[in-house]
Amino acid sequence: MNLTLKVWRQSGPSDKGRMVTYKVEDVSPDMSFLEMLDVLNERLILEGDDPIAFDHDCREGICGMCGMVINGVAHGEQRATTTCQLHMRHFEDGATITIEPWRAAPFPVVKDLVVDRSAFDRIIQAGGFVSVPAGSAPDAHSIPVRKEDADAAFDAATCIGCGACVAACPNGSASLFTAAKITHLSLLPQGQPERLSRAKAMVDQMDAEGFGGCTNTGECTAVCPKGIPLDAIARMNADYLKANAK
Amino acid sequence: MAVTGAVMVLFLVLHMLGNLKIFLGKDSFNEYAHALRTLLEPLLPYRTVLTVLEVVLVASVVLHMWAAISLSRRAGKARPVKYVAKKSQAAGYTTHIMRWGGVTIALFVVWHLLDLTFGVVNPKGFDSAPADRMIAGFEPSRWWVTLIYIVAVVMVGLHLRHGVWSAVQTLGWANSTRNKVLRLSAGLLSAVLVIGFLAPPLAITFGVVK
Ligand code: HEM
Ligand code: SF4
Ligand code: FES
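Chains as they are written, first to last, in my numbering: chain X, 1 to 246; chain D, 1 to 210.
Be a bit skeptical, because a hint or two may be false.
[What the hints assert, rightly or not] Taking lysine-lysine and the DSBU-like style, the derived pairs with C-alpha atoms no more than 30 Å apart in a straight line are: (1) K111/X - K180/D; (2) K86/D - K111/X; (3) K6/X - K180/D; (4) K16/X - K180/D; (5) K246/X - K200/X; (6) K111/X - K77/D; (7) K16/X - K86/D; (8) K23/X - K111/X; (9) K16/X - K82/D; (10) K77/D - K200/X; (11) K6/X - K87/D; (12) K111/X - K124/D; (13) K87/D - K180/D; (14) K147/X - K111/X; (15) K82/D - K147/X; (16) K180/D - K242/X; (17) K16/X - K124/D; (18) K23/X - K87/D.
Please keep in mind that the hints were generated in silico from the structure rather than gathered at the bench.
Sequences are here, hints too, so could you generate the full structure?
Set out below in structure tokens:
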């Protein structure tokens, strides 16, 4: 396959940045999107150019590092798929592909397609934990959990913190991420004591980071590689309202 | 947004039902308009209840607009650099027209109050019976007024199709099992409002109600 790429290039946080066009030839349809970029980068290095910086780690869809906006869609148009799991066979030969970093003020561009997602870490630090006595591991099944709750909590816990939800949201809201993290703890017995204070602390931190407000557009869940549903946001809202009513 | 929106939806339902009284005859409609002003009389002075409702309604409109503007400004600040290419992935177009819909409806309400409440842009003027104002306002030669109403009411319908469900979600009552019913109810309510609101003007313009 031969492709034309239009890639966001930005040498550092203070650079204004611009789209740069590259031709990539002989791309195998079996390559992943990141492998295709690797091929381009090898050539750029040989030509003495600066390779395109992009984040990646596991390349198996579980770490959440590899986000980029491909043809206007976070992680590309393939549903429930991270960029690293997206394969070139989903593109047409001769296609032009635009590649941009996540766009959100709380996710400043570090270089090219790499953004700083520390804002997510601070939201987790604000309340995304349970205060349990440290020490020996508790016995399995010492606390009964309903199967439905365990399943739903696990589904919410599959959020990999990639930030696609923020990137796709027209409001730049981090509600789906924050709600996923709140949900997986608030569904379990261990999460109950801090349930309301957690919701309040995490939502307040999310707002303090400069993310926008949720208007329930549903763009987030549509691009989420883990298919976190909007239910999570409703649950977060309910807990947050209760926390504030107290 | 959710709470003020709910107040307005409640108003719209009552307003629509009131408007439909025109089909029961001019007198029925005028009596209804009169009753609105004399509600709980003589317990309370003339127009007390109506004035209170109007104050609540104006407060809702203002707060709803304030919330929309601050959300919009936060969104702008949260994404200072726009995408070169951006493609929507969510189903439904109604979410994308909420802000424009809101502006259209606000402009319409100004025109509508000048027309049927204050009679400034109505052929019958202020000193006339409400039913006469309404019938004169939508007479066949003023088909363009009816057209304005059609556009505005359809906008209201689209606004509520997303808005009603969205309010339930914001208040934390929505979930996957309920969503189908919730979205269907929002669509149904919107459709009923559109049909109920458009029936009187269309009936007048097409000469069914004179
Ligand atoms: C096409 C359908 C509509 C018709 C025929 C209609 C008719 C009227 C009439 C006759 C009045 C004056 C009532 C009176 O003097 O007692 C009125 C008032 C009003 N209408 Fe409508 N209306 C329509 C749609 C709407 C819509 C869609 C909205 C809002 C989005 C709206 C908002 C209002 C408001 C805020 C008032 C003033 C209420 C008050 O001051 O107490 N109307 N309408
Ligand atoms: S909710 Fe989905 S899109 Fe958002 S950070 Fe988690 S996995 Fe990524
Ligand atoms: S590189 Fe880990 S999810 Fe894509």
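Hints, one by one, checked against the model:
no. : hint            : in the structure
1   : K111/X - K180/D : violated, 43 Å
2   : K86/D - K111/X  : holds, 21 Å
3   : K6/X - K180/D   : violated, 40 Å
4   : K16/X - K180/D  : violated, 45 Å
5   : K246/X - K200/X : holds, 11 Å
6   : K111/X - K77/D  : holds, 21 Å
7   : K16/X - K86/D   : holds, 20 Å
8   : K23/X - K111/X  : holds, 21 Å
9   : K16/X - K82/D   : holds, 13 Å
10  : K77/D - K200/X  : holds, 22 Å
11  : K6/X - K87/D    : holds, 16 Å
12  : K111/X - K124/D : violated, 67 Å
13  : K87/D - K180/D  : holds, 25 Å
14  : K147/X - K111/X : violated, 44 Å
15  : K82/D - K147/X  : violated, 43 Å
16  : K180/D - K242/X : holds, 25 Å
17  : K16/X - K124/D  : violated, 61 Å
18  : K23/X - K87/D   : holds, 23 Å
When held up to the earlier numbered hints, the structure conflicts with 1, 3, 4, 12, 14, 15, 17 and fits the remainder.
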